[in-house]
Amino acid sequence: VRICVVGCGAVGSLFAANLAQLEDVEVWAYDLAREHVDAINANGLRLSGAGEVVGTVRATSDAQELPACEFGIVATKAMHTSAAVAATAHAFADGAVASVQNGIGNEEAIAEHVERVIRGTTFPAGKLLEPGHVQWDVKGDTTLGPFEPKPAQRAEIERLADACTRAGMPTQAVADARGPQWRKLIFNAATNPLGALTGLTHGRVCERPDLRALVTGLVDEGKAVAAAQRIELDADPEELIDHAARKEVAYDHKASMLQDVEARRRTEVDFLNGGIVRFGGEHGVPTPLNQAIWALVKGVEASWTR
Amino acid sequence: MIERVCVVGAGVIGSLFAAHLGRVAAVSVLCRRDEHARELNAHGLRVSGKHDFVASVSAAVTPDELAVPDLVIVATKGAGLDGAASVLAGHWPEATVMTVQNGLGAEEVVRRYGDWPMLSGVTFMSGTKHSDTHVEYILDTETWIGPYKDNSFEAAQEVGELVVRSGLKAEVLADLRPAQWSKLIFNATVNGVAALTGLRHDFHFAAEDEQADLGHVVHALVDEGKAVARAAAIELHDDPWEMNVLATRRGHAHLPSMLEDVQAHRPTEVELINGALVRKAREHGVEAPLQEAVYALVRGKEASYA
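Protein sequences, first through last, are from chains A and B.
Here the first sequence stands for residues 1 to 306, where the numbers follow the working numbering.
Here the second sequence stands for residues 1 to 306, where the numbers follow the working numbering.
Derived by calculation from the structure, the hints in this document are not laboratory data.
No residue lacks a Cβ here, since even glycine has one placed at the ideal position from N, Cα and C.
Don't take each hint at face value.
Per label pair, the in silico range of CB-to-CB distance [said to hold, decoys possible]: (1) A/Asp252 <-> B/Asp239: 42 to 52 Å; (2) B/Gly251 <-> A/Arg264: 18 to 28 Å; (3) B/Arg250 <-> A/Gly51: 53 to 63 Å; (4) A/Leu128 <-> B/Leu255: 29 to 39 Å; (5) B/Arg32 <-> A/Ala213: 35 to 45 Å; (6) A/Asp252 <-> B/Glu283: 30 to 40 Å; (7) A/Arg264 <-> B/Asp52: 31 to 41 Å.
Far from chain B by the CB rule (all over 12 Å, computed), these chain A residues [as the list claims (entries may be wrong)]: (8) Ala10; (9) Leu32; (10) Ser48; (11) Gln64; (12) Arg230; (13) Ala250.
For the chain B half of the interface with chain A, some residues (derived, Cβ under 10 Å), not all of them [to be verified]: (14) Leu196; (15) Phe205; (16) Asp209; (17) Glu210; (18) Ala212; (19) Leu221; (20) Pro289; (21) Leu290; (22) Val294; (23) Gly300; (24) Ser304.
Whenever a hint applies, use it, and build me the whole structure from the sequences.
Written out as structure tokens, the structure is:
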């Protein structure tokens with residue numbers, strides 16, 4: 001099986017390096033960061049932390065070098081999905097492409113360029129330490145299912161899930177993958193931007209009653225939009241939010257959006273709160289709080305370009 | 001006849017009042033810092049920008065060292081109000097005291113420390129302090145003055161005339177609450193959004209073309225504020241949305257004080273402004289979820305650097 005990871009940042013690297021451990025899998029990586037690509041080709045792709053792994057991965061910044069692949073795993077930041085998949089689509093002319101990205105709307109962007117699409121949600125996380133070397137922070141499950149308008153076949157989704165699981169990335173193939181995706185979306189949309197706007201860690205947001213009430217207001221809007229689409233969440237985001245706020249879990253965690261804001265990088269808010277607003281609009285569900293939070297974070301981004 | 005004026009607090013607004021009034025009355029300045037008082041006594045107070053002159057003032061850090069004034073203008077920031085008012089307790093019972101703080105409730109804070117006849121002020125002028133003895137007069141907009149509680153309209157008129165003779169703009173109103181509320185809603189919205197996004201008060205605040213444009217949120221926040229005013233039986237002096245649109249078209253993107261405060265990691269005026277509006281909403285049973293959100297977020301931002 002030939003698999004290409006599109007966007008080989010932290011999460012992409014977790015998939016690429018682990019999958020490269022399998023005898024029956026050949027892993028390619030497409031990424032625009034030249035130094036990272038060169039380091040991977042020279043020394044392999046190394047993970048440390050939750051697992052110590054070095055994988056042999058063929059990396060390139062030139063999409064034309066990619067051979068035909070049976071699977072793509074897209075792991076770019078959400079705003080780069082369209083460009084990355086447009087550039088690499090020729091490699092997946094006869095393949096299926098999965099998104100393991102944050103937010104909502106990535107599968108739609110992939111489906112503009114690819115015939116068979118897999119809806120995915122993944123929880124493992126890490127960060128890039130240096131070119132070719134990724135810190136694996138937390139292990140976690142991945143869920144894959146068909147993207148309904150342009151679905152991959154059930155058998156191929158199971159094949160990819162099996163490969164990931166054998167590689168040490170526990171992955172489940174399901175008939176409806178929207179539940180875990182919306183659970184993660186609602187969690188992120190209700191918490192990440194509040195960290196980004198205030199500068200507070202996850203735990204400190206949650207211990208302030210007024211901000212915690214705002215989190216619930218955002219969660220409730222997200223749940224209403226999910227319910228209008230008949231999506232059954234696989235867990236209650238409220239419980240996960242409280243769990244994560246515990247000292248021993250993620251009290252001190254700075255949301256990725258806060259890290260983006262501190263580094264003045266464009267955030268994924270269009271695909272989090274913006275996604276909830278868009279789907280709410282399509283299903284007649286009002287989302288005034290998500291709308292406000294979306295615009296405020298866009299305002300933060302606009303303040304950098306003044 | 002108002003012959004002696006004491007200005008309490010020599011920030012931007014206090015300095016602009018003290019210097020201008022120094023041209024038509026004997027002006028003293030009650031400062032918080034010794035060094036500030038010494039500098040003012042030695043060098044006077046320089047105004048640049050819209051006007052250009054130097055006024056001589058006498059300054060001290062306790063009322064005992066200052067001549068008894070006919071008029072006291074309390075011009076501290078909201079955060080310094082209680083401390084400044086407590087210093088006045090027991091002094092100058094014959095003097096008229098005027099507050100010019102943003103938001104609502106400054107008069108009540110001062111009232112706790114003495115039975116002076118009082119005036120309410122709302123000021124729209126702005127500037128920049130370049131040093132303890134130099135203030136730049138940037139926006140030569142009006143100060144609105146009205147009697148507080150059972151004080152007379154004539155007392156407000158006398159102060160209004162004095163302010164106009166000094167070269168500043170003033171309008172005297174029989175009931176200041178409509179003006180105070182217009183500015184309250186304007187400040188809660190514009191200052192809050194500026195503090196959270198980092199944007200100066202520029203065109204973004206009036207933009208309503210795209211779905212994620214900030215103008216939608218600003219408009220919705222203003223509408224919530226107007227609903228609170230209606231419930232409190234206040235007929236607004238100006239429409240805060242129109243004030244917002246007008247201000248963004250002036251060509252000078254104002255740096256709202258709340259943004260200045262969060263950038264300098266200082267406590268903001270969020271309690272007198274957003275807190276006051278949200279408490280009025282609760283008092284009158286009006287739902288204001290977006291104003292509640294902005295209030296919680298700005299308080300969270302303060303907590304992040306406290």
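We went through each hint and held it up to the structure:
{"no.": "1", "hint": "A/Asp252 <-> B/Asp239: 42 to 52 Å", "result": "holds, 45 Å"}
{"no.": "2", "hint": "B/Gly251 <-> A/Arg264: 18 to 28 Å", "result": "holds, 27 Å"}
{"no.": "3", "hint": "B/Arg250 <-> A/Gly51: 53 to 63 Å", "result": "holds, 58 Å"}
{"no.": "4", "hint": "A/Leu128 <-> B/Leu255: 29 to 39 Å", "result": "holds, 36 Å"}
{"no.": "5", "hint": "B/Arg32 <-> A/Ala213: 35 to 45 Å", "result": "holds, 36 Å"}
{"no.": "6", "hint": "A/Asp252 <-> B/Glu283: 30 to 40 Å", "result": "holds, 38 Å"}
{"no.": "7", "hint": "A/Arg264 <-> B/Asp52: 31 to 41 Å", "result": "holds, 39 Å"}
{"no.": "8", "hint": "Ala10", "result": "holds, 25 Å"}
{"no.": "9", "hint": "Leu32", "result": "holds, 26 Å"}
{"no.": "10", "hint": "Ser48", "result": "holds, 31 Å"}
{"no.": "11", "hint": "Gln64", "result": "holds, 35 Å"}
{"no.": "12", "hint": "Arg230", "result": "holds, 25 Å"}
{"no.": "13", "hint": "Ala250", "result": "holds, 17 Å"}
{"no.": "14", "hint": "Leu196", "result": "holds, 5 Å"}
{"no.": "15", "hint": "Phe205", "result": "holds, 9 Å"}
{"no.": "16", "hint": "Asp209", "result": "violated, 12 Å"}
{"no.": "17", "hint": "Glu210", "result": "holds, 9 Å"}
{"no.": "18", "hint": "Ala212", "result": "holds, 5 Å"}
{"no.": "19", "hint": "Leu221", "result": "holds, 8 Å"}
{"no.": "20", "hint": "Pro289", "result": "holds, 6 Å"}
{"no.": "21", "hint": "Leu290", "result": "holds, 5 Å"}
{"no.": "22", "hint": "Val294", "result": "holds, 8 Å"}
{"no.": "23", "hint": "Gly300", "result": "holds, 4 Å"}
{"no.": "24", "hint": "Ser304", "result": "holds, 4 Å"}
Violation of the numbered hints given earlier is confined to hint 16; every other hint is satisfied by the structure.
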